[in-house]
Amino acid sequence: MAAIWLLTVKNIKLLLRAKWSALIVIFAPLLLILLLGLSYNTSDNFGIIVGVYAPQFTEETNAFTDLLRTEQFTIREYHEDVQKCVDDIKGGTVHTCISLPEQLHVQDNTQKEIVFYVDPSRINLVWMVQETVKSKFNIKAQEITQELTQDILSKISETQSQLSAQEANLGTAKEKASTAGQSTSTIVQDLKTIDFQIPERSANFSGNISEAGSDLTERLTNTKEKLTDASTAVKKAGLEEAEEEEIIKAIAGGINTISSLLDSGAGELLISLQKDLTVVTDKLSTASSVVSSSTGTLTASAADLEQVSASLESAKSAVSEMQAKLGSLKVTDAQTITSPLVTKIEKVSGEKTYLNYLFPALLVLVIMFSTLLLGTTLVLLEKHSPAFLRNFFVPVSKFTFITSTYVTNIILIITQIIVILGISLFFIDDALGSLASVALILFIGASVFTFIGMIIGYLFTSEETATLASISIGSVFLLFSGIILPLEAVPPFIRGIAGFNPFVLTEKLVREVFLFGTPLSQNLLDLGILAGYAVVLFIAIWIMESVLHKHLVQRFMHRHHVFHRQREKQLKNI
Amino acid sequence: MALIRLQGVTKEYRKRKVLENVNLTIEEGDIFGVIGQSGSGKTTLLNLIAGFIEPTDGQVIYFPEGSTKEKDLHRHFSQIKKHIGYTPQHNSLYPKLTVQENLWHFGRLYKIDKQTLSTNIRNLLNFTHLIDYRNFLAEQLSGGMQKRLDLSCSLVHKPRLLILDEPTADLDPILQREIAHLLQEVNKQGVTIIIASHHLESIENICNKVAIVHQGKVHTHGLLEDVRRPYLRDHFTIRVRSTEQKQLLIEKLKVLPIHKIIDKGHSLVIYPSNVESIMSNLIRIIKEENLYLHDLDLRRPSLHEIFEKIATSTESEGQVK
Numbered sequence: 007m008a009a010i011w012l013l014t015v016k017n018i019k020l021l022l023r024a025k026w027s028a029l030i031v032i033f034a035p036l037l038l039i040l041l042l043g044l045s046y047n048t049s050d051n052f053g054i055i056v057g058v059y060a061p062q063f064t065e066e067t068n069a070f071t072d073l074l075r076t077e078q079f080t081i082r083e084y085h086e087d088v089q090k091c092v093d094d095i096k097g098g099t100v101h102t103c104i105s106l107p108e109q110l111h112v113q114d115n116t117q118k119e120i121v122f123y124v125d126p127s128r129i130n131l132v133w134m135v136q137e138t139v140k141s142k143f144n145i146k147a148q149e150i151t152q153e154l155t156q157d158i159l160s161k162i163s164e165t166q167s168q169l170s171a172q173e174a175n176l177g178t179a180k181e182k183a184s185t186a187g188q189s190t191s192t193i194v195q196d197l198k199t200i201d202f203q204i205p206e207r208s209a210n211f212s213g214n215i216s217e218a219g220s221d222l223t224e225r226l227t228n229t230k231e232k233l234t235d236a237s238t239a240v241k242k243a244g245l246e247e248a249e250e251e252e253i254i255k256a257i258a259g260g261i262n263t264i265s266s267l268l269d270s271g272a273g274e275l276l277i278s279l280q281k282d283l284t285v286v287t288d289k290l291s292t293a294s295s296v297v298s299s300s301t302g303t304l305t306a307s308a309a310d311l312e313q314v315s316a317s318l319e320s321a322k323s324a325v326s327e328m329q330a331k332l333g334s335l336k337v338t339d340a341q342t343i344t345s346p347l348v349t350k351i352e353k354v355s356g357e358k359t360y361l362n363y364l365f366p367a368l369l370v371l372v373i374m375f376s377t378l379l380l381g382t383t384l385v386l387l388e389k390h391s392p393a394f395l396r397n398f399f400v401p402v403s404k405f406t407f408i409t410s411t412y413v414t415n416i417i418l419i420i421t422q423i424i425v426i427l428g429i430s431l432f433f434i435d436d437a438l439g440s441l442a443s444v445a446l447i448l449f450i451g452a453s454v455f456t457f458i459g460m461i462i463g464y465l466f467t468s469e470e471t472a473t474l475a476s477i478s479i480g481s482v483f484l485l486f487s488g489i490i491l492p493l494e495a496v497p498p499f500i501r502g503i504a505g506f507n508p509f510v511l512t513e514k515l516v517r518e519v520f521l522f523g524t525p526l527s528q529n530l531l532d533l534g535i536l537a538g539y540a541v542v543l544f545i546a547i548w549i550m551e552s553v554l555h556k557h558l559v560q561r562f563m564h565r566h567h568v569f570h571r572q573r574e575k576q577l578k579n580i
Numbered sequence: 002m003a004l005i006r007l008q009g010v011t012k013e014y015r016k017r018k019v020l021e022n023v024n025l026t027i028e029e030g031d032i033f034g035v036i037g038q039s040g041s042g043k044t045t046l047l048n049l050i051a052g053f054i055e056p057t058d059g060q061v062i063y064f065p066e067g068s069t070k071e072k073d074l075h076r077h078f079s080q081i082k083k084h085i086g087y088t089p090q091h092n093s094l095y096p097k098l099t100v101q102e103n104l105w106h107f108g109r110l111y112k113i114d115k116q117t118l119s120t121n122i123r124n125l126l127n128f129t130h131l132i133d134y135r136n137f138l139a140e141q142l143s144g145g146m147q148k149r150l151d152l153s154c155s156l157v158h159k160p161r162l163l164i165l166d167e168p169t170a171d172l173d174p175i176l177q178r179e180i181a182h183l184l185q186e187v188n189k190q191g192v193t194i195i196i197a198s199h200h201l202e203s204i205e206n207i208c209n210k211v212a213i214v215h216q217g218k219v220h221t222h223g224l225l226e227d228v229r230r231p232y233l234r235d236h237f238t239i240r241v242r243s244t245e246q247k248q249l250l251i252e253k254l255k256v257l258p259i260h261k262i263i264d265k266g267h268s269l270v271i272y273p274s275n276v277e278s279i280m281s282n283l284i285r286i287i288k289e290e291n292l293y294l295h296d297l298d299l300r301r302p303s304l305h306e307i308f309e310k311i312a313t314s315t316e317s318e319g320q321v322k
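Taken in sequence, the protein lines are chains A and B.
For the first sequence, my numbering begins at 7 and goes up steadily by one.
For the second sequence, my numbering begins at 2 and goes up steadily by one.
Mixed in with the good hints there might be a few duds.
As the list claims (entries may be wrong) - In the DSSO-like style, the derived pairs of lysine-lysine whose C-alpha atoms are separated by at most 27 Å in a straight line are:
#  : chain 1 : residue 1 : chain 2 : residue 2
1  : A       : Lys-140   : A       : Lys-404
2  : B       : Lys-82    : A       : Lys-389
3  : A       : Lys-90    : A       : Lys-142
4  : B       : Lys-97    : A       : Lys-389
5  : B       : Lys-82    : A       : Lys-404
6  : A       : Lys-182   : A       : Lys-322
7  : B       : Lys-82    : B       : Lys-97
8  : B       : Lys-115   : A       : Lys-404
9  : B       : Lys-82    : B       : Lys-72
10 : B       : Lys-70    : B       : Lys-112
11 : B       : Lys-70    : B       : Lys-189
12 : B       : Lys-72    : B       : Lys-18
13 : A       : Lys-389   : B       : Lys-159
14 : B       : Lys-97    : A       : Lys-404
15 : A       : Lys-404   : B       : Lys-18
16 : B       : Lys-83    : A       : Lys-404
17 : B       : Lys-83    : A       : Lys-389
18 : A       : Lys-404   : B       : Lys-189
19 : A       : Lys-404   : B       : Lys-72
Said to hold, decoys possible - Restraint-style ranges between C-beta atoms, simulated for each label pair:
#  : chain 1 : residue 1 : chain 2 : residue 2 : range
20 : B       : His-77    : A       : Glu-469   : 46 to 54 Å
21 : B       : Ser-119   : A       : Pro-525   : 47 to 55 Å
22 : A       : Ser-410   : B       : Asn-124   : 24 to 32 Å
23 : A       : Ser-410   : B       : Phe-137   : 52 to 60 Å
24 : A       : Glu-469   : B       : Ser-119   : 46 to 54 Å
25 : A       : Glu-469   : B       : Lys-112   : 27 to 35 Å
26 : B       : Ser-119   : A       : Ser-410   : 48 to 56 Å
27 : B       : Ile-175   : A       : Thr-14    : 47 to 55 Å
Stated by the list, open to error - According to the in silico footprint, chain A covers these stretches of chain B (three or more CB under 8 Å from chain A):
#  : stretch
28 : 87-98
29 : 108-121
Rather than coming from a laboratory, the hints here were simulated on the basis of the structure.
From the three backbone atoms N, C-alpha and C, an ideal C-beta is built for every residue, glycine too.
Extracted from the complex, chain B is given alone in its bound form (with noise of 0.2 Å):
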């Protein structure tokens, strides 16, 4: 189901274009990944889903939570802006409060009561295990137990849409997979999640739909599966132990519907017509023929060489025009 969904959305900046044309949908329950370079339009985007600022052309719309009849987001904000948590590449907290004050202030202006409010604090201190630092000041806190302080914030009125922009930007590799994984758990909690960042790695560990943004354009968008189906290699790469084993491996290879294969010695170069579906057969060989697999490069392109691809094809296509 629809939460969001950006219809032929445009921001000019100075009669500049940020961003153009943009149409995508982010569906409830997704981790929605905006990923670009910096100065791409990729915050821009995030600020824009987010209500920050309005598109000069197109529309942003909101689907409400058990209604059909969509809003737009921007002419509605002040509805909907409650259902949205946001938590921006700083910080977003009161440095001089302790945490729980922070987590008291911003749910009490939420108008939840003290109660209910009580209990989110207390689960939300132990999921970001910040339960025994509940009376230290936020600024006397490390960055990742802010970073995780800040997220609490933006989750203390239960929202159903999170957004975040570079969370994971200023961490270390630890942070960064600390966090990811909160993402995660709080995903399944039911919560949409929108993060901006230009740490694919990250990116691609937590989101199942990414949006690639490249010069105020999304080339590409979706699934993460459906937007790397493009820039899938048409090769494989396998290595066994001894010579003889390569020799049965390439008899038996032969059957199979390949185009072609390369001896390179020690290892061999397979074109296959479809790699997913010989993938199996190949398995099925080497544990019939009890061959020792030494190494198999069947790498999936990243989600950095994808938006390299996109990056190199756009400037060459850039230097031919």
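The following block holds chain A by itself, in its conformation from the complex (with noise of 0.2 Å):
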């Protein structure tokens, strides 16, 4: 026990005495979660710009950009052109664009499309905005689905306490139908009970009739005589015997019937008819209360009937009322109606694989490590050259040493970047036109990794703490670069540092020429910057070259000189 304590208290005192060992092994990585930590140590989406594209902002389209604006989002506004927000996200200025239609309510049964506009290639942060954005357009599409379905509902609510007023009305008119219908079948059975038989005619003529029939007697006695005259003048008037037989034929008939009527006696009629009329002025005088009965009935009837019809008039025009409520509900389809918004994403470097989207990113990745770590590897080579004190000696300018490495390295990622490019033309159709310019970004921003992972190797002495070195400061450069945590997360002041991360300036080039096909003319402030990070670097690099070489040089020859004294030691014992 005492053993393992002694010898890890050994290792722990050499660990730490070892200083830039002590500092890499065990700092470093504190180092990078502390740091990782306090960027990330978030749940703000601080750094999102949303393009908002809208025919016209309207209450309605600028209470959803509140809506975003709720969730620290920045919005940008676009009046022009959705055209223009797009190039803002392939320039990398903006993060989703959103094209929002006039007017977000739904007014008929079609649905409002909102397109997103997203660059697929920074997957992370596509995913990130979208489900936030969306998660907004759901709960404005929740109120507009609320605002139809509470509007139908009134409708319906409305409608029901319509027909409920109706109800009564109805119940009333049909209480009035009811009694209505009631003094009408009165009215039937009374009418019913008028007799309209015609008595039979009676033999008993009163005496008035009598004086009738004596008149008509001799009213008829005195109208054959003058048939008769009339027939003796026609036999004289000298008529064609025809008409003249015709008229009295007609005449002598009228004599007949007259003379028939005199035989049968037609006084005795006239008695009878009075009797009869007797009966008759009976029944009437009986029919006429039974009809003055029925008239009151009927007057009673009639404003039962008036009140019925007042109230299917209201009925009437409630249900017109209803079906006008109803009718003016214009989003009756169910779909419109739960989901009023519908969104569409739109890729803004059209449609590609994933690799097409990843490749920039794995290919900035693969030369960042590559160049940083073969960059340390060269110049701790020449540092561990036995040969690196001869060249103390050789009248060679530390210039052409350190560009000698510079160009090792490059060549061999040059060979690299030819194979990857060469082999990218395999799986992705499109890459043929943006090679050139993809190769020089690449170059330039292999150039800068170069330089540091050369810088690495000076300053470190060991070669596993320098490649430590060097993967320690290739994580940071791909941790604060987006590509695994979005770099939209960090607060604005770091953002503003990344944002100058030589691997976020080289992947942003390459991505912008290779998906979206932008001209390197575009971008030439971000190559620029990359350029003058090379050109610092390589003074830094001789600078440093100036002021450590001797001390360098020193260094090795008493490493040398002590593994030498050690050796004598040794051999002498022996």
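With the hints as a guide, bring both chains together as one complex.
Structural data, given as structure tokens:
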């Protein structure tokens, strides 16, 4: 146990006394975690810039953008054209674009379409933004659905209350109609009692009728005489025999009729009529009273029926009103009500495979780690080479030495780039057009990473420590690049710094050229910054080499001297 | 003609004096040995001359060829360094390059034109007997061959000054002799050589001048004989075949300026007033009297003995203090 403790203490001492090793092995991962922790210790979407395009920014669209602002998205409004917003996505100044319709509220059964423009090469960001923005859309859609449903429900409710109101009216009408019905039955019964049977001819004539009969007989006698005279006159008139015969025949017929009437006793007939008339008079009197009674009933029924009519009229108008209300509901399609807003995702780079989207990042990742490690390894190879000391005497400038290391690295990396880009042609069809620009960007990026790797090589003594330092630096670049964790999730200050991360710059340039076909002339600033880095780092190495070279030589000699002394001691002991 | 001169050179590391007030001159054509124990400061002295480190105090002066105008070595190092060849303790070459590639690489870095360089390399390969191994990787060579290649790399640009740090370390005696011979051959071609080593025997064999460094100080320096002189013994021992011959020799020696003769039975210990002057007379007597000389111990003190004496006297001085 004591031995374990002793050895452990010794190990810790050795580690801590080898300053750089301790720094890198122990503190670098801690520092890395600390940096990331500090940077990403937030749940806010600080840095997401959402471009919103609408033909017209109405109260509704503004309300929606305000909703997005509550998520701490920065909203950039585009009034003219959605293409400008799309171009800004490509340029990386906007993360997503939303094209809104003029009105978000649905007017008819047509769903409103909202188009998202996203850069699919930034997958992690795309999903994050899309999910967040979509959730806001869902809230908005829910609001609209709610309003639509509320509208429908309120109209149904109004209809229901109107129907309730009309139900009472109709009840009354029903009662009135029933009463009218009963009255009508009564009237019918009453009317049925009226006797319309005409009495048989009575032989009993009243005095007046006898007189009337005598008078009638007299008049008929007179008429017979006159007809006889008329027959005589016709005969005397000298008419055509046929005509005369016909007229006389007619007159004779009349005379005969009258004679038969006279023979049958017309007076008696009249008496009978008088009797019948009396009967009829009685019947009519009875009928009159029935009719009188029925009139009253009918008047009441008429009033009832008027009320019924009024009720029905009211019900009719209520129904019309309800019909109008329900007719005013323009959104009747269930799908439109449940999903009034539909979202559509448009990719700004056109339809490509995931390899296309990942390719720029993968490419830069490979180049970054290769060059960082290669730069470090080459410097350390030279530093640890037995021939290192001899180079101290050769009349070759430090510039030449640095350049030769750089050129070696670049030759290897160019070979690597050629292989990777060559292979990429098999997978990515439209890569050929942008190869030259991508190669240029990668060349400058590789130069920057090579110089960083070389600086690490100069700073560290042991190969393991230097390699670990290179990987750590590469990891910092990677973790603050937005490839693994979205850069937009870190506070603006750190994001501002991370924006100058050479990995970010290189990856952005490659992505824009490779995916969007943006000409390099539009990205001269970023390219200039990268080239500037390369120049500054080269000068830094130059200065470092000038300052450190003698020190390195002395260290080298000291190391070997100590080694030889130890060896001599060992030999002596043997 | 002086090539390098150190004037009051002191070197401190973290306020600790590693080398103190060194004054010495290395002349053109010298094979100058710097000897001392491990940690005595000899490597520091060599590094100062090679230009790796600058003195804390004092000056290292370089005398350019064909010019009387001396130059501060460290201030003008970029101009001077091409005239220096350096062979460190370990081999300073690229193990993964062939013998010829190593020579070609360093030669080209010295901006030697291809034709001249090609001739130089061929000569060097012949000189160091590496011609048959020219296409071998350096790492495939034996220790002695690697050392020869290393030496060739230091000589490929024909330097005026060749500095070697422990050139014979880790080599067996045969290889040590081989390297020593090679260095003498190099020197004959006009290259001044400075060697730091604690192999005193090899230094003694090849150097004409030495500097003995101990505890950060150069105790003595100069021609080997001049260095030895203060440490020469005041007596010598002689042994002849018979007692008669011994008595005859005593009689003959009495007439010479000799302080005393001690008869030790088989041998005589003679204390002359001047060892060198008596020696010629002694040889003459032996020749004239036809004496059979059995043994003559006329040893001059070796560098090792001198060094031990210096070390002992320094320690006793330290104890007295």
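Hint by hint, here is what the structure shows:
Between the alpha carbons of Lys-140 (chain A) and Lys-404 (chain A) the distance comes to roughly 58 Å, so the proposed pair goes past 27 Å and is violated. A distance of roughly 20 Å separates the Cα atoms of Lys-82 (chain B) and Lys-389 (chain A); the hinted pair therefore holds under the 27 Å criterion. A threshold of 27 Å between alpha carbons decides the hint, and for Lys-90 (chain A) with Lys-142 (chain A) the separation of about 23 Å falls inside it, so the pair holds. This hinted pair checks out: Lys-97 (chain B) and Lys-389 (chain A) have alpha carbons roughly 15 Å apart, not beyond 27 Å.
At roughly 14 Å between alpha-carbon atoms, Lys-82 (chain B) and Lys-404 (chain A) fall within 27 Å of each other, so this suggested pair holds. A distance of roughly 17 Å separates the Cα atoms of Lys-182 (chain A) and Lys-322 (chain A); the hinted pair therefore holds under the 27 Å criterion. Restraint check: the Cα-Cα separation between Lys-82 (chain B) and Lys-97 (chain B) comes to about 26 Å, which is no more than 27 Å; the hinted pair holds. Only pairs whose Cα atoms come within 27 Å are accepted, and Lys-115 (chain B) paired with Lys-404 (chain A) is accepted, the gap being roughly 23 Å.
With a C-alpha separation of about 12 Å, the suggested pairing of Lys-82 (chain B) with Lys-72 (chain B) holds against the 27 Å cut-off. The hinted pair formed by Lys-70 (chain B) and Lys-112 (chain B) meets the criterion: a straight-line CA distance of about 25 Å does not exceed 27 Å. Of the pairs offered as hints, the one joining Lys-70 (chain B) and Lys-189 (chain B) holds, with about 26 Å between alpha carbons and a cut-off of 27 Å not exceeded. Under the criterion of a C-alpha separation no larger than 27 Å, the hint pairing Lys-72 (chain B) with Lys-18 (chain B) is consistent with the structure, at around 25 Å.
This hinted pair checks out: Lys-389 (chain A) and Lys-159 (chain B) have alpha carbons roughly 26 Å apart, not beyond 27 Å. The hinted pair formed by Lys-97 (chain B) and Lys-404 (chain A) meets the criterion: a straight-line CA distance of about 23 Å does not exceed 27 Å. Distance check on the hinted pair: Lys-404 (chain A) and Lys-18 (chain B) sit about 31 Å apart at the alpha-carbon level, beyond 27 Å; violated. The straight-line distance between the Cα atoms of Lys-83 (chain B) and Lys-404 (chain A) is roughly 15 Å, inside the 27 Å bound, and the hint therefore holds.
Annotation: proposed proximity of Lys-83 (chain B) to Lys-389 (chain A) holds, straight-line Cα distance about 21 Å (limit 27 Å). Note on Lys-404 (chain A) and Lys-189 (chain B): the hinted pairing is violated, with a Cα-Cα distance of about 34 Å set against a maximum of 27 Å. For the hint pairing Lys-404 (chain A) with Lys-72 (chain B), the CA-to-CA distance comes to about 23 Å; that is within 27 Å, so the pair holds. Checked against the hint of 46 to 54 Å, the pair His-77 (chain B) and Glu-469 (chain A) fails, with Cβ atoms roughly 36 Å apart.
For Ser-119 (chain B) and Pro-525 (chain A), the hinted distance range of 47 to 55 Å is satisfied, since their beta carbons lie about 52 Å from each other. For Ser-410 (chain A) paired with Asn-124 (chain B), a C-beta distance near 28 Å keeps the hint of 24 to 32 Å intact. The hinted window of 52 to 60 Å between Ser-410 (chain A) and Phe-137 (chain B) is violated, with their beta carbons roughly 25 Å apart. In this structure the supplied range 46 to 54 Å is violated for Glu-469 (chain A) paired with Ser-119 (chain B), their Cβ-Cβ distance being about 36 Å.
Look at Glu-469 (chain A) against Lys-112 (chain B): about 32 Å separates their beta carbons, and that is inside 27 to 35 Å. At roughly 23 Å, the beta-carbon separation of Ser-119 (chain B) and Ser-410 (chain A) lies outside the given 48 to 56 Å, and the hint is violated. At roughly 49 Å, the beta-carbon separation of Ile-175 (chain B) and Thr-14 (chain A) lies within the given 47 to 55 Å, and the hint holds. Three residues within the 8 Å Cβ limit are the bar, and the stretch 87-98 of chain B against chain A gives 9, so the coverage statement holds.
Here the stretch 108-121 of chain B counts 3 residues with a CB under 8 Å from a CB of chain A, which clears the bar of 3, and the coverage holds.
Comparing the model with each numbered hint stated earlier shows that hints 1, 15, 18, 20, 23, 24 and 26 do not hold.
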